[in-house]
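First to last, the sequence lines map onto chains A and B.
Quick note on my numbering: the first sequence kicks off at 1 and runs consecutively.
Quick note on my numbering: the second sequence kicks off at 1 and runs consecutively.
Any given hint could be a false lead.
[As the list claims (entries may be wrong)] Coverage of chain B stretches by chain A, computed from C-beta distances (three or more under 8 Å per stretch; other residues unrestricted):
(1) 46-59
(2) 135-142
(3) 183-196
It should be emphasised that the hints constitute simulated quantities derived from the structure, not laboratory data.
The structure presented is a predicted model; accordingly, all values stated were derived computationally and were not measured.
Note that the Cβ used here is the ideal one computed from N, Cα and C, for glycine as well.
Protein chains: 2
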Amino acid sequence: MTDRDTQQHGGRALPEATLERLTVYLRALEAAQLAGQRTVSSETLASAAGANPAILRKDLSLLGGSFGRRGVGYDVPGLADHIGATLGLKRQWRMAIIGAGNLGRALAGFSGFRGHGFELKAILDQSPTEVGRSVAGLRVSPASELESIVAAESVNMAVIAVPGAVAQGVCDQLVAAGIRSILNFAPVVLQAPAEVNIRQVDMSRELQILAYYAHQGVGHQDAVPPLQSE
Amino acid sequence: MTDRDTQQHGGRALPEATLERLTVYLRALEAAQLAGQRTVSSETLASAAGANPAILRKDLSLLGGSFGRRGVGYDVPGLADHIGATLGLKRQWRMAIIGAGNLGRALAGFSGFRGHGFELKAILDQSPTEVGRSVAGLRVSPASELESIVAAESVNMAVIAVPGAVAQGVCDQLVAAGIRSILNFAPVVLQAPAEVNIRQVDMSRELQILAYYAHQGVGHQDAVPPLQSE
DNA sequence: AATTGTGAATTCTTTCACAGCA
DNA sequence: TGCTGTGAAAGAATTCACAATT
Numbered sequence: 001m002t003d004r005d006t007q008q009h010g011g012r013a014l015p016e017a018t019l020e021r022l023t024v025y026l027r028a029l030e031a032a033q034l035a036g037q038r039t040v041s042s043e044t045l046a047s048a049a050g051a052n053p054a055i056l057r058k059d060l061s062l063l064g065g066s067f068g069r070r071g072v073g074y075d076v077p078g079l080a081d082h083i084g085a086t087l088g089l090k091r092q093w094r095m096a097i098i099g100a101g102n103l104g105r106a107l108a109g110f111s112g113f114r115g116h117g118f119e120l121k122a123i124l125d126q127s128p129t130e131v132g133r134s135v136a137g138l139r140v141s142p143a144s145e146l147e148s149i150v151a152a153e154s155v156n157m158a159v160i161a162v163p164g165a166v167a168q169g170v171c172d173q174l175v176a177a178g179i180r181s182i183l184n185f186a187p188v189v190l191q192a193p194a195e196v197n198i199r200q201v202d203m204s205r206e207l208q209i210l211a212y213y214a215h216q217g218v219g220h221q222d223a224v225p226p227l228q229s230e
Numbered sequence: 001m002t003d004r005d006t007q008q009h010g011g012r013a014l015p016e017a018t019l020e021r022l023t024v025y026l027r028a029l030e031a032a033q034l035a036g037q038r039t040v041s042s043e044t045l046a047s048a049a050g051a052n053p054a055i056l057r058k059d060l061s062l063l064g065g066s067f068g069r070r071g072v073g074y075d076v077p078g079l080a081d082h083i084g085a086t087l088g089l090k091r092q093w094r095m096a097i098i099g100a101g102n103l104g105r106a107l108a109g110f111s112g113f114r115g116h117g118f119e120l121k122a123i124l125d126q127s128p129t130e131v132g133r134s135v136a137g138l139r140v141s142p143a144s145e146l147e148s149i150v151a152a153e154s155v156n157m158a159v160i161a162v163p164g165a166v167a168q169g170v171c172d173q174l175v176a177a178g179i180r181s182i183l184n185f186a187p188v189v190l191q192a193p194a195e196v197n198i199r200q201v202d203m204s205r206e207l208q209i210l211a212y213y214a215h216q217g218v219g220h221q222d223a224v225p226p227l228q229s230e
């Protein structure tokens, strides 16, 4: 554990499954903090996060530092801080949302990303009827100004909230403007150079997976670990 | 351990990673069909879906029937049909959206789920100012009528698009009304009995994972397989 | 006594590589 | 020839189980 080059900055990338769980632990820790808890056990935290204690401990062990105390549990603010630092939430992320329809406006109003270094700097739309409207305290800018706004506002993360038919075009423009982190809500697989990180949020995918489980009669519940017997 | 699953078509439950990819293959097949292609090779299809050919073939082999022809490729409509049948998209899924804010309205207007057996039957909201409005051709119903609407419309799938603070309450009501498939857009981990399937869509999670990769300078691209040098 | 941290065992997933078929 | 389908191999992720620590 004194071995610093194993994990930490510049160390190895964490498995994606671990990353997804870390975001959930972080949320559960924030809820625990609001509830006034100073420490949590892996069992409590895992249960709030819908995970199991063993994998939680394994995940945290990949983070490096040791934020638990044996016999006691994890220090709530300390661990939250450590996870936040690992995820890069101490930096400033300057976002733009492309598309000011219902979805873009909903995302703009979503408060969940504030307070973790995410700041919404611009919202853009192609349609003249949307341009100029006020959304979440910002004026909607014309899509044609994408490149200059990205530069002027130092935008380094973008959210695509446009119809599928134009999403790839928007993606290309974003890449050309230097953006390398994109969250895509349009129902298309975007093609982009390998250095661009794209995450996809896809309602159809989720509905189809739900349909599969319901169709098969499989009870698949992420949130509740199987009980140990014996 | 008991092997509790002997499903139809000689199928046990498919791995979740496979399910997620199947939905992408399906979309790519539909695009190919629109483009007039009759057959696709695993290489072409994988490239359109951002996967690699080997895992695509393995995924399809888990489905049972054989929809490829050696030396030729896959029959586009045949394979699309087979994947659709596997996912349960031949059945009728009757949906309700809870929450008629920007997000609920955006989801209601999202055409992507139509034509795959998904039919939006109701949209509900707590607030009297939303009730009665017309959204996607439906009138917004009061949230208090949830149980009776679910029964009257035989709703069997629900989408939660309400603020985090009330999401667990809505979830409890849905479960009480007999819903066992829930897609949750609220940023909370829902607690529900194991027989209820819940999928979570979470903007914070995705942004935080993007932040991690950008922070670490890791290029992680799901959508594009490493290019072969040619 | 309680709970973490982690090697070892297990299970799951992906990739390889090639036989089999059109 | 070209491409699928699939066992076998390799690689990851998860779970177990217990020594270490407060």
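Hints, verified against the model:
1. 46-59: holds (count 3)
2. 135-142: With 0 residues close enough to chain A, the hint is violated.
3. 183-196: holds (count 11)
When each numbered hint is compared with the structure, a violation occurs for hint 2 only.
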